[in-house]
Amino acid sequence: MDHGTVFAGTVSVQTAAHADGLVLLELEAPPQFQTAKAGQFVMLASERADMPLLPRPFSILSVGTTLSLGFAVVGEGTRVLAKAQAGDDLYLMGPLGTVYAPDARPVLIVADASHFGTPLGLARALAGEATVVFVTRPSDQRPCPYDDAVTAAHQDAAALALFAETGASVETVALDGLKACLEGQAPGTVCAGASDPVMAVLQQVAEAKGWPGEVSLQAPMACAVGACEVCIRPTRDGRWLKVCEGPVVPLQTPRFQP
Amino acid sequence: MTADLSVTIGAITLKAPIMPASGTFGLGYGRVFDLNRLGALVPKTITLSPREGHPPPRLTEEAGGLMNAIGIPSVGVEAAIHDVFSRYKAFEPPLVVSISGDTVEEFGALTARLDGVADALEVNLSCPNLEAGGQAFALDPDATERAVAACRRATRLPLWCKLAPHAGRPQEVAKAAEAAGGDALILANTLLAYAVDEAGAPRLANRTGGLSGRPVKPVALRLVDEAARAVAIPLIGCGGVFTLRDVLDYFCAGASAVAVGTATFHRATTMVGLIDALDHHCTTKGVAVADLVARRPS
Chain X
1 MDHGTVFAGT VSVQTAAHAD GLVLLELEAP PQFQTAKAGQ FVMLASERAD MPLLPRPFSI
61 LSVGTTLSLG FAVVGEGTRV LAKAQAGDDL YLMGPLGTVY APDARPVLIV ADASHFGTPL
121 GLARALAGEA TVVFVTRPSD QRPCPYDDAV TAAHQDAAAL ALFAETGASV ETVALDGLKA
181 CLEGQAPGTV CAGASDPVMA VLQQVAEAKG WPGEVSLQAP MACAVGACEV CIRPTRDGRW
241 LKVCEGPVVP LQTPRFQP
Chain G
1001 MTADLSVTIG AITLKAPIMP ASGTFGLGYG RVFDLNRLGA LVPKTITLSP REGHPPPRLT
1061 EEAGGLMNAI GIPSVGVEAA IHDVFSRYKA FEPPLVVSIS GDTVEEFGAL TARLDGVADA
1121 LEVNLSCPNL EAGGQAFALD PDATERAVAA CRRATRLPLW CKLAPHAGRP QEVAKAAEAA
1181 GGDALILANT LLAYAVDEAG APRLANRTGG LSGRPVKPVA LRLVDEAARA VAIPLIGCGG
1241 VFTLRDVLDY FCAGASAVAV GTATFHRATT MVGLIDALDH HCTTKGVAVA DLVARRPS
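Residue numbers (the working numbering), protein chains in the order written: chain X, 1 to 258; chain G, 1001 to 1298.
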């Protein structure tokens, strides 16, 4: 076994940008990340005393001389990690996981702010050669339990701006309009990463239309290497998937809660 | 210069006294560090037949530790032998297979099937005994003795008996495991616990789960101390091992080695970090690990 292909240790934060409940970090990239791809994930933890016990999984947005990560503040772990500043040390483990492998064009990316990292990584990698359907949430929803000032509208707008920067064609739609929006598309492949209700609608439309596709799953993780079986998600045929052994899996495999 | 970190657990010599706790380890960690540095390799507990385990959520962070209710998902012993354990044999450390049974008979059958497959067996006695209303084997000396004796009859492999931390008479349970043929004790499994969310609902789908990590270390250390004064077989400390200080505390209480679980989730390289720290400690002090293992006189 090729030990050392996954880095686990401390890296320094090069830049940190926080706005509207979203955080973008540029980290020192250890040598193990030279062949990493956008859409793979890392486990990240702060060395601060108030960091919860477990590192949190985040998608790689891009990788070069630095490692680019982004996340929405949604809980205790992300709240502490949002305090990271340039020069701070963070614990990093990765690269881990699989990436989208769209084999037909055009690529349709379906995303929302709850899970924007993996789709954004793909949008960046495709450098504008994609259509993004971005699903917005009710504007007054409070997605960040530790900051009532941040609304879903704030987070959605910030995430949307990141997709727009990739040069992709971006359409926004609320959940109740998603089905109609999707039915107007004609993708070669669908790549998605979003909350369960969004995924459930997409899965239904894609199945009816016969679109091939992949989804990136999210789940709380502990080991991130397939040992603990914490990060499981149900499949449509009654099995369990270990998310860390994806997180990208065929679109029709998981069972989503509408 | 490196120190002699080896310890002997019954008939098995470990090159280092640090090993994974069952349920927290898999070959995936081989991409992160050299598995050959560990004292032993301990895959997830297996059962005779396949089982799915509990539905999610299976884990929550509580009281500075973790609470899990994974439910021992298992591919079953046959698939494990063919698809899992064969891959472990490519590594140098001894393979310690953790087993769980619902009945005494199942423990015996599992053990017989694993004879010649593993280097030692971890007998997980914290699982529910379906012949005793679901009470864990390790809560009762008689049930412990019957389960371990069934394993002993089925194999000559070393039997490492993993006990529960909430037994009312832990010394009696320890003695029962030893009397039935146990070669070592692992002290201890997770502590049965319950946690609720802001709405008062259970955080785990199974309602209750096993608490692990720093909060349980004093409990497990107490059990090692009590067992050290009750039995002669080697002891393996398990619970809240994060630092060299934790390892040394377990040695002081009477353990010959420690198992690391939750700390590996916290930082993946904890086990090799502990081996490095122990090596440095021993080299600096001019001692071997065996010199640090101070079993108290009974």
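Please note that the accuracy of each hint is not assured.
[Stated by the list, open to error] Over 12 Å on every C-beta distance to chain X, these chain G residues come out as not near it, computed from the model:
(1) TYR1029
(2) VAL1032
(3) GLU1172
(4) GLY1200
[As the list claims (entries may be wrong)] Derived DSBU-like pairs (lysine-lysine); straight-line CA-CA distance at most 35 Å:
(5) G:LYS1175 <-> G:LYS1015
(6) G:LYS1015 <-> G:LYS1285
(7) X:LYS37 <-> G:LYS1089
(8) G:LYS1175 <-> X:LYS83
(9) G:LYS1217 <-> G:LYS1089
(10) X:LYS83 <-> X:LYS37
Honestly, the hints are just simulated from the structure, not real lab data.
Please read these numbers as outputs of a predicted model, since none were measured by experiment.
Quick reminder that beta carbons are idealized off the backbone N, C-alpha and C, glycines included.
Results for each hint:
no.: 1; hint: TYR1029; result: violated (6 Å)
no.: 2; hint: VAL1032; result: violated (5 Å)
no.: 3; hint: GLU1172; result: holds (32 Å)
no.: 4; hint: GLY1200; result: holds (17 Å)
no.: 5; hint: G:LYS1175 <-> G:LYS1015; result: holds (28 Å)
no.: 6; hint: G:LYS1015 <-> G:LYS1285; result: holds (19 Å)
no.: 7; hint: X:LYS37 <-> G:LYS1089; result: holds (32 Å)
no.: 8; hint: G:LYS1175 <-> X:LYS83; result: violated (52 Å)
no.: 9; hint: G:LYS1217 <-> G:LYS1089; result: holds (32 Å)
no.: 10; hint: X:LYS83 <-> X:LYS37; result: holds (26 Å)
Going down the numbered hints, you'll see the structure goes against 1, 2 and 8, while the others check out.
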